[in-house]
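Enquirer: Chain V is already provided as a structure; the job is to place chain Z on it using the hints.
Chains as they are written, first to last, in the numbering used here: chain V, 1 to 354; chain Z, 1 to 313.
Misleading hints may appear alongside valid ones.
[Unchecked claim] Within a straight-line C-alpha distance of at most 27 angstroms, the following computed DSS-like cross-link-like pairs (lysine-lysine) qualify: (1) K205(Z) - K180(Z); (2) K180(Z) - K308(Z); (3) K205(Z) - K126(V); (4) K308(Z) - K126(V); (5) K205(Z) - K308(Z); (6) K343(V) - K23(V).
[What the hints assert, rightly or not] If we take Cβ atoms under 10 angstroms as the criterion, some of the chain Z residues that face chain V in the derived model are: (7) L39; (8) I111; (9) G120; (10) V196; (11) M200; (12) I202; (13) V204; (14) M230; (15) W256; (16) V260; (17) A287; (18) F288; (19) L294.
[Unchecked claim] Covered by chain V, according to a simulated footprint, are these stretches of chain Z (three or more residues, beta-carbon under 8 angstroms): (20) 122 to 134; (21) 295 to 302.
Derived by calculation from the structure, the hints in this document are not laboratory data.
Yeah, the Cβ is synthetic: ideal placement off N, Cα and C, and Gly gets one too.
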Amino acid sequence: MALLPCGVHFRTYRGDRAYFHTKYQWACFIAFLILLFTFPLWVGIRYVAMFNVTAIYIIAVVGLQITSGYTGQTNLGQSAFMGMGAFVCASLSTNLNLPFWLTIPAGGLGAAIFGALFGIPALRIKGFYLALTTIAAQIIFPILIMALPEKLAGGAIGLQMNPARLGPITFDSDVSMYYMFMIVMVVMVYFAFNLVRTRVGRVFVAIRDNDIAAEIMGVNLFYYKTLAFFIGAFYAGVAGGLWAYHLRYVGADQFTIYMSIWFVGMIIVGGLGSILGAIFGTIFLRILQELIMYVGPLLVNFFPNMGDAQMWYASMNIVLGGVIILFLIYEPHGLAHRWNIVKTNYRVWPFPYL
Amino acid sequence: MPDFLIDLIQYTVAGALKGMLYAQVALGFIVIFRAGRILNFGQGEVVVIGGFIIYSFISLPFFPALVKSVFGNVPWWLFLIFALLVSAVIISIFGLLIERFIFRPMIGQPIFTIVMVTIGLMLLLQGLTIAIWGGGDRPFPFLFHEGAVRIGPFIFTRSLFWGGIMSLGIFGALSLLFEKTRWGLKLTAVAEDHAVSQSMGISVKRSIAIAWIISCLLSSWAAVVFLNGMTLTFAAGTIGLTALPVALLAGLESIWGAPVAGIIVGVGEALAAAYLDGYTEGAMSEAFPYLLMLVILLVRPQGLFGWKIIERV
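Chain V with its partners taken away, still in its complex shape (with noise of 0.2 angstroms):
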């Protein structure tokens, strides 16, 4: 727990339970509501198609933070879960023609029960074995959506699919799909931060430090292991949903076990077990990411033996690799972690520690 700010004591626990306790940061919250939700008007229309993107990714890691972070659940799947979402949610659209607020739920639900059942070996294997089981995800997903007939599912061509539509608005264009992705990663955010403060939550966390233990406090461990993985795919099928209407066409190859392991790496770099740290790593590596595809070309100068695709290739790999080890080495409790600290040296100020 952040230090407090001065003055502030309580009466009820509802009060202590509160994440904001005084009315600053009550305006600093909303000053930021405020701020995301005008972001079109102040920067380029690159970086919102940017942040779009950022905006998919944060719903999924975010879920991947409760799956893994929370619960203590190597995944190594989130990308096949969230492409399981991307193809309900096309499948139920070009199909049914269900509008987008039916489709990216029912995509979140057909994630959730694609990675529930990943989930299930949980409770007899852990570790190692458990990241090889959700690494089986991955592989057989693909080969899953080739099986499926093609009017289902695409197969080998993949699903083109409308845009979203609601009334008279169309969600074609950049800025109009910034506000429907914020609107439905607030959403789901808010939910993520709620859900680690309940029952739910707090089983998660005695799951994660040891389950045995856990097990003998009468945690049903096989009902919550699968349900972390059902709520971590959710996320993922709802990140994928999104997707699929970002594109407008959806793909097998699209959710490869490269993203999955960007995913970790996001989690990693933002923090194990903080939902705030999801959302910090997932931008931190989407900056990196886009520094190197802005950087690369330039580099291929230097490398006369490496073509641009080569170049792409080996400088994410190098980034994406030492990024997780050195902060795995260095700071394992990750960005999150620094921000406690700068938050509690700034209230503590001018002294060094209370």
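Expert: This is chain Z only, laid out in the frame that chain V set:
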């Protein structure tokens, strides 16, 4: 002998030889896991880097020129032995560096951290391989002669045939090392419990370092057998993914389990390729090791010969 029987034996033995190759790569996983309880997802990339280092010393002009200027003209086999020895030294140093800078800080960390470090290592090594050697295809030298080994009606790839036979020697030597020598017994003790072996005066750090050297050398030798006369690219790292089910089936602590599991996976894959791929468009032989892996994980997570560890709170 009827034709179908000849075919069957041919497929089975060829699969078994391939399986011995998998077993060697799997042994790289097993040796590291025994020492540090680390399942190194980057083992396939270690194989590739070993291959690239050997390639650099044999096929690139600088090392042959150096040997020529120092010793004059030497016969090819002598040069080959010399080049392999120098490569072995470089590969050992590479293994030591990985252990010292990446895995030593990981002693005592949670499993999730270790899994992610090895995945980070995998990506880093992939990227570095492309950055150092470039992304193009290049021919790996023939260390075994081209052409096939013929025994009666059966035909085998020469490198796999001799590599398979030599690997039996390697398994024998390793199991002697781990079970008879004082040095290997120390490694086995570390495999069982870090804290206990540390308190008995065995250096855990040194044991893990030794394990990394052994594992890198084994992987490089597997690269020689696997890549003989083939094209060498960073994509060859997928052999690590095929060897992973072998290591899991064997049990991550067992030396002799590796060849047994390797033969099971290799033969299964070969037979699936021969008899089932016609109906499944080639998917069956590719998926076989992973399907087997899923079944093992669900039914018997410690593998055939692994140690069952009872968890206590």
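Enquirer: Are the hints correct? Go through all of them and say.
Expert: Results of checking the hints against the structure:
Note on K205(Z) and K180(Z): the hinted pairing holds, with a Cα-Cα distance of about 21 angstroms set against a maximum of 27 angstroms. Straight-line distance between C-alpha atoms of K180(Z) and K308(Z) comes to about 23 angstroms, which keeps the hinted pair within the 27 angstroms bound. Between K205(Z) and K126(V), the direct Cα distance comes to roughly 25 angstroms. Compliance with the 27 angstroms bound is thereby established for this hinted pair. At roughly 14 angstroms between alpha-carbon atoms, K308(Z) and K126(V) fall within 27 angstroms of each other, so this suggested pair holds.
For the suggested pair K205(Z) and K308(Z), the alpha carbons sit about 24 angstroms apart, so the restraint of at most 27 angstroms is met. Between K343(V) and K23(V) the alpha-carbon distance is near 17 angstroms, which keeps this suggested pair within the 27 angstroms criterion. A cut of 10 angstroms between beta carbons decides the hint on L39(Z): the least distance to chain V is about 4 angstroms, and the hint holds. Because the beta carbon of I111(Z) sits about 4 angstroms from the nearest beta carbon in chain V, less than 10 angstroms, this interface hint is met.
A least Cβ separation of about 3 angstroms between G120(Z) and chain V falls short of the 10 angstroms threshold, and the interface hint therefore holds. For V196(Z), the interface hint is violated, the least distance from its beta-carbon to any beta-carbon of chain V being 21 angstroms, above 10 angstroms. Of the supplied interface hints, the one on M200(Z) is violated, with its beta-carbon coming no nearer than about 26 angstroms to a beta-carbon of chain V, more than 10 angstroms. Violation of the interface hint for I202(Z) is found here, the shortest Cβ-Cβ separation to chain V being roughly 24 angstroms, above the 10 angstroms cut-off.
Using the Cβ-Cβ criterion of 10 angstroms, the hint placing V204(Z) at the interface with chain V is not satisfied: the shortest such distance is roughly 18 angstroms. Because the beta carbon of M230(Z) sits about 20 angstroms from the nearest beta carbon in chain V, more than 10 angstroms, this interface hint is broken. Checking W256(Z) against chain V by beta carbon gives a least distance of about 21 angstroms; that is not within 10 angstroms, so the hint is violated. Look at V260(Z): its Cβ only gets to about 20 angstroms from chain V, farther than 10 angstroms, so that hint breaks.
For A287(Z), the interface hint holds, the least distance from its beta-carbon to any beta-carbon of chain V being 7 angstroms, beneath 10 angstroms. Interface restraint check: F288(Z) against chain V, minimum CB-CB distance 12 angstroms, threshold 10 angstroms, status violated. Among the interface hints, the one on L294(Z) holds; its C-beta lies about 5 angstroms from the nearest C-beta in chain V, closer than the 10 angstroms criterion. With a cut-off of 8 angstroms between beta carbons, the stretch 122 to 134 of chain Z has 10 residues touching chain V; three or more are needed, and the interface restraint holds.
Counting residues of the stretch 295 to 302 of chain Z whose beta-carbon sits less than 8 angstroms from any beta-carbon of chain V gives 3, enough to reach three: the coverage restraint holds.
When the structure is compared with the earlier hints, violations turn up for hints 10, 11, 12, 13, 14, 15, 16, 18 and for no others.
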